[in-house]
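Peer 1: Chain by chain, the residues:
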Amino acid sequence: MLYIIAYLLFAAGPLLALLPGRHIPSVLAWSTMTTGCVLMGTEGVIAIDGPAAQPLIQLALPIIGPFYFVQTPLGGLLILITASVFAVALPFVARDASAFPQGRRALFLAIVMLTLAAMIGFFSAATIVSFIFCWELAAIAIWGLITFETRQSKPVAAGLLTLALSELGSLAGLVSLLLLASAASTPQLVGIAAAIPHLSPTLILVAGLLAFFGFGMKAGIIPLNVWLPAAHGTAPRSTSPILSGATLNLGLYAFLRIDAPIALHTPDLGLIILSSGALTALIGIIYALVEKDMKRLLAQSSVENMGIATAGIGAGLTFAAYGHPLLGGASMVAGLYHMINHSTFKTLLFLGAGGIDATTGTHNLDELGGLMKRLPALGGFFLVGTFAIAALPPFNGFVSEWLLLESLLRVVEIPDIPVRITFALSGALLALTSGLALTCFIMLSGSALMGLPRSERAAQAHKAPRTVIIPMGMLAVLSLLLGLAATLIIPVLGRLAAPLVGANPTASLVPAFFHLRSSIPLAVQHALNPIGVNVGAAFLPLRGLVVMHLDQTSAPVVYAMSTMLAFVVLILMLGGVWLLARGLRHKRITRSTLWDAGLTRLRPEMTYTATTFAAPVRVVFQGLFHPHIEEDEERQGAFVLTRSHRQVITNISDRLVLKPMISAAFTVANRLARMHKGRVNTYAAYILLAMVLVLIMVGGTGR
Amino acid sequence: MTAGAKISDWLQQQTDVTVREIYAGWLQLGCKADQLVTLTTALVNHWRAEFATLLVEETSAEAPLAVHYLFYLPEDGCLIELKILVRPGEELPAISDTVHAADWHEREAWDLYGLRFSGHPFLGDFVLHDDDWPEGLDPMRHHFDGRRRPDVHGSGANWVPPKILQEEGSILFPIGPIWGDFNESGLWLLETPGEQIRYLHTRLFYKYRGVEKIAEGQTVDRALLLAERFAGASAFAHAWAYCQAAERIGDCTVPARAQSLRLIIAELERIRHHAANIAEIAGSTALSVAKAMAQGIVEDLLRLSARLCGHRYFFGLLTLGGLNFDLDPAQLTLLAETLPTLNGRMRELELLLGNSSSFLDRIEEMGALSPELAHTYGVVGPIARASGRAIDLRRTLPYGNYQTLPIDIPVEQEGDGYARLRVLFAESRISTALILQALQDVPTGPVRIACPLREGHALAWVEAPSGATFHWLRCAADGQVLRLRLGTPGFRNWHAFERAVEGAAFQDFPIILATWGLSVAENDR
Amino acid sequence: MSFWPYYGLKRGIQTTPWPTTEEQTPGVTPGRPQASQVVNAEALAQGCPTDALQAVAAGVAVDFARCIHCQRCRHGDNALHWSEDFTWTSTGGIGLPPLGSRFRRSLHVLYIDAGACGACVNEVRLIDAPAYNLHRLGIFITASPRDADVLLVAGPITDAMRTAIGKAYAAMPEPKRVVGMGVCSMNGGIFGESFACTGGLGKIIPVDVWIPGCPPPPLAILHGLLTVVGRDIPTALKEQP
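Protein chains in written order, with the working numbering: chain A, 8 to 710; chain B, 719 to 1243; chain C, 2 to 242.
Just so you know, the hints here were simulated from the structure itself, not pulled from any lab data. Backbone N, C-alpha and C define an ideal beta-carbon position, used for all residues, glycine too. Any given hint might turn out to be false.
As the list claims (entries may be wrong) - Reference listing, derived: stretches of chain A covered by chain B, where coverage requires no fewer than 3 residues with Cβ under 8 Å from a Cβ of chain B:
{"id": "1", "segment": "112 to 119"}
{"id": "2", "segment": "605 to 615"}
{"id": "3", "segment": "636 to 648"}
As the list claims (entries may be wrong) - Within a straight-line C-alpha distance of at most 25 Å, the following computed DMTMM-like cross-link-like pairs (lysine to aspartate or glutamate) qualify:
{"id": "4", "chain 1": "B", "residue 1": "Lys724", "chain 2": "B", "residue 2": "Glu739"}
{"id": "5", "chain 1": "C", "residue 1": "Lys204", "chain 2": "B", "residue 2": "Glu1055"}
{"id": "6", "chain 1": "C", "residue 1": "Lys204", "chain 2": "A", "residue 2": "Asp603"}
{"id": "7", "chain 1": "C", "residue 1": "Lys11", "chain 2": "B", "residue 2": "Glu1055"}
What the hints assert, rightly or not - In silico contact screen, one side only, chain C against chain A (beta carbon under 7 Å); selected entries:
{"id": "8", "residue": "Thr164"}
{"id": "9", "residue": "Ala165"}
{"id": "10", "residue": "Lys168"}
{"id": "11", "residue": "Ala169"}
{"id": "12", "residue": "Ala171"}
{"id": "13", "residue": "Pro235"}
With the hints as extra help, turn the sequences into a complete structure.
Peer 2: Structure (structure tokens):
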């Protein structure tokens, strides 16, 4: 019921925007759509708490087959995330939409709502038909979002690139689904999952890989992630939060849904997912570091975060496949948690970037600076976002990344040497990623918020739109809460991960303060443990400490963390410093201006930019970037009048994968073109050959 | 036929060029403004003449400004003076496109005289900084009262730093004016996209004391103090050049004993200057022990100087017509006994540094100035000799007792930090030998004769420790200084420094600066 | 392989015993004229190019704020006697007490070159050398006014450095002291006051301690820095016969 009302509200929003006027229709449309999002979010919460599968729609369409939708807890989580991201992004969307003429405004909102509707449909798809239908619908809607604002060639090219790669991915995914469906002889996703143990290992491995790389493309997984910064960098600023915060999760969900049952029987698949995720993360953050366009930087960082979440999922599936479902559950929880976190802080940061763009007219970091003083609220929330994404406690990014790194260390439970090496390398890549992410977001916040404004527009900035600040504030609080209340969230995620890995990790989540040596008699242990629990509960309002045990007998600690305690310590320390400063403070505080080494005036062009900050990274990773350098010098006699230096950095996946693919496609197309000059019987022969091939394939996969 | 005679013949053949031989080895040319560029370019590029200095003189408010371009031929010591008269408000073509050594001279003349050089791309904000001074003040002109601060001060344009580099996200990384521990004031703007220096703007004259202006109107005797003390690290060399100019005007022959002692003290100053420079180089690479060893040599040389001349920097020793006071035999014996030990310590330091690979790694190929650039910029002194230019006024235009002493000139080709260090060591070794040789027969007799005051002008030069310095002095009949021009080596070499740091990383900048060993005081005057 | 630490140790202690005991090595100071009772005071005062010598009834008085060690009164028939001391520092007369015991072993100095000729620069560099070693006295050089307790300024205060000195002084935390080093910083020295030189640090910021001399030798500079803390006592700037 709620679904129907919500969908009706989604449809009503754009229609209301058709009304004449400027502000009132926007506000009406916004309130309608937001109500829809809230209802949908509620439905998501119900689903999370609900049964494993609750059928929604069961349409048996002719020709294309069963068109079923089902409500699952995991789908509910993604619906909740998606609806929430849309809800906080809608004020800014509505604000920017109100600048359009009414027809265009309605179209814009319609595309936004179509994206949402298609995504929610996708998260509840139960058969391959509904799965692919919603996927395609979402792809087209996203293409519409990216190319909406302007007809300049660059966004259209970016949109086409997205669409082309999306279709390439969809094609791979479709092949995978068809392979599985025909082998399992059922179009139901549940049925396919159930049939997997009985299928040929090669087939499911091929299908799993196709699904991972095909659907993973939507999440920016290597090798095909060049489209992501291009597309997100050119999308209208109000839709960037949606694109990065919500639509990227489509890819994660898709391959998780298909690959989780496969990976339980194919350990290699989990390892491939893990290592691809770790590599994606590293490549994403390295390229983020050399971007000076805020939107492109954040998009590259999305690649990084999707990589981290993917690595968590991959590690979880590998653990489960090797018979450690509890460890697998912990990693899976880390992956899912990171997905939630990414949606939180990336929406926050993109809203901030959009707000800065709306205020100053630029999102080039080299033209910003000094915004903290000029836009304190936006700057403060933006800073919280960078803290969270740089994985600094007590914010949420820390929880999931720490959890993931800790759970990767538990690979000692798996005796296989290659597995251990893969885990160790992936862990190292992820650790390097974390360090670079810290550098990257110091650079982002430093060059945008701190220092002197480097352009007139940045210097003139004085008021950011409230449509951005209020959602940002909400998200900043959420980032903090997701960090502090980790102990409340992990059990929920543990329950969601249980069907994927086969066990609920939080079942062994023991909030015990004491871990007793096994030499102590069991009776004493049993008596002491509850005391620990009670002591902890008495001291702290929440379950402050999380200690996850592998099992009750040997009880090695999987991980132990307490962001709540860390927060309390942090507050105590800051408070202590504050008190100390108050106590020691002299009677007089002297404030003097910035020390500029005695220059008459420190000018903005003398201060660090994002480019200069990232120069060491450019030097270290020169081999990866293969920069193309153009130098020129203008002279007058012995005088050097100007000297220009241009450095174009190439994307590694663009260089190593996309370009060869394109040239190979051209070669094949040329070869094919050669066949087109034959006689009629040649064509007949081709047709015959194709028919024979199809028959063989049908026969092979049929019974 | 000497090069001077050849060039004289060639010049006679040029149309509209008047050639006058003031005395043997000094040609004065007159030409039209539009011939200036071709003539000076031919002098430098074809006849391999060295640009000495450019000086502007104002005889009276109505009369045109006299602009002298001074060149010399390193081969046979012929001086060439190209003189052009310009009415105030008129322009001269800039010669610095081709005779690049004149670049800063032209900028200086524009700032101080308001003499515009058409075609010069970077006039303005040089001696007088744009953020402090308005345009059109022309402080060296007679109508400007140099005794007090002008009321207009501080009303200048808001200075916009120069930018050569066109690269996205690049910045002007400022160093100075107050920077480092004991550094001289100046502003260096490194144009950089981060890490690597692509271009350098040297903005000096934070220490501009207007010495040339305040000398005007003082007596020749009093102005000697200014010439001596505007650059204390090579005080004796500059004072000597000034005294030579005054003695040339007064046509006074300095006693033989004074000439001999002047040479000895000048070489002693050279050793001390080079030792201090070596200490800075070692210090810039954080080699504390080597720095301490060099500083020990410096301090011992300073103490020795004080025992010889009563002052650690030879202040007050020189006077017009000789020396202020004589050095007694005991002092000369002390010098002869101490110097070999100090030279031995220098030699030891040289060997230790030459065997210290971590040190060499930091100065080899660092801050290199190619021989071509060294010629273009007309650098002088040890920097020129480290970049393959065998020029040294002691040999090319010998003065004083150098006329009779053959001088060995160390020349290196690489032009990098290590080449400069080797030149510094070699020169101090040669200077020690020179002193010891000169000490063997110091003539007896007076050290001073009276130097008569006369109307006239003269150019004199000395190879200061940092390179060729040219002093131009014009006096009135009562011994009043009308014009003092200090053409210092610092002014020449700082100009070229901007090209030595291109491509270096930030952390190399202090090392390159130390290996150049340039004095800001000598440049700023 | 580098043996620099060994070469350093091999050289032994090079540091002056001052201020614990007297330093009498010849050449550590150029010395300066002493006010004396002489018969030809007028001629001596006339011969002084900077008016540092004044003929008074009793003989010749010396104003050390003007003496630039030109040595013109040192030689000849009626020469003045020159003392070989170096404890020349005198107070600036603004009445602030010495920095006191808290800074005795931790005094941070910011050096600013405001047109110094190179001799002052060279001498101030040498206080860092083993022969004088300012660190043993608890004195340190800093590059930032934020850490500095003492501002040490040399040179005749050129126009372009006025702003910089004012900014550095303003950027220093209290308590702070200012030391003017060399006669140039006191009144412009031979450069005097002109269009390009302010001619005296005292004209732009209050100066606590003057170190006369042209240039003051390293020991005189150390004496000045010790005087700022109160570990040594100032001497008079003018000497009467």
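Peer 1: Run every hint past the structure and note whether it holds.
Peer 2: Each hint tested on the structure:
1. Check on the segment 112 to 119 of chain A: 0 of its residues sit with their Cβ under 8 Å from a Cβ of chain B, so the three-residue criterion for coverage is violated.
2. By the rule of at least three residues with a Cβ nearer than 8 Å to a Cβ of chain B, the coverage given for the segment 605 to 615 of chain A holds, with 10 such residues.
3. With a cut-off of 8 Å between beta carbons, the segment 636 to 648 of chain A has 6 residues touching chain B; three or more are needed, and the interface restraint holds.
4. Straight-line distance between C-alpha atoms of B/Lys724 and B/Glu739 comes to about 13 Å, which keeps the hinted pair within the 25 Å bound.
5. Using a Cα cut-off of 25 Å, the hinted pair C/Lys204 and B/Glu1055 is violated, with the two alpha carbons roughly 48 Å apart.
6. At most 25 Å may separate the alpha-carbon atoms for a hinted pair to count; C/Lys204 and A/Asp603 meet this at roughly 23 Å.
7. At most 25 Å may separate the alpha-carbon atoms for a hinted pair to count; C/Lys11 and B/Glu1055 meet this at roughly 23 Å.
8. About 5 Å separates the beta-carbon of C/Thr164 from the nearest beta-carbon of chain A, less than 7 Å, and the hint is met.
9. Below 7 Å, beta-carbon pairs count as interface contacts, and C/Ala165 has one with chain A at about 3 Å; its hint therefore holds.
10. Because the smallest distance between the Cβ of C/Lys168 and any Cβ of chain A comes to about 5 Å, under 7 Å, the interface hint for this residue holds.
11. Checking C/Ala169 against chain A: minimum C-beta separation of about 6 Å stays under 7 Å; hint holds.
12. Nearest Cβ of chain A to the Cβ of C/Ala171: about 6 Å, under the 7 Å cut. The hint holds.
13. With a least beta-carbon distance of about 28 Å to chain A, the hint placing C/Pro235 at the interface is violated under the 7 Å criterion.
Checked against the numbered hints above, the structure breaks hints 1, 5 and 13 and satisfies the rest.
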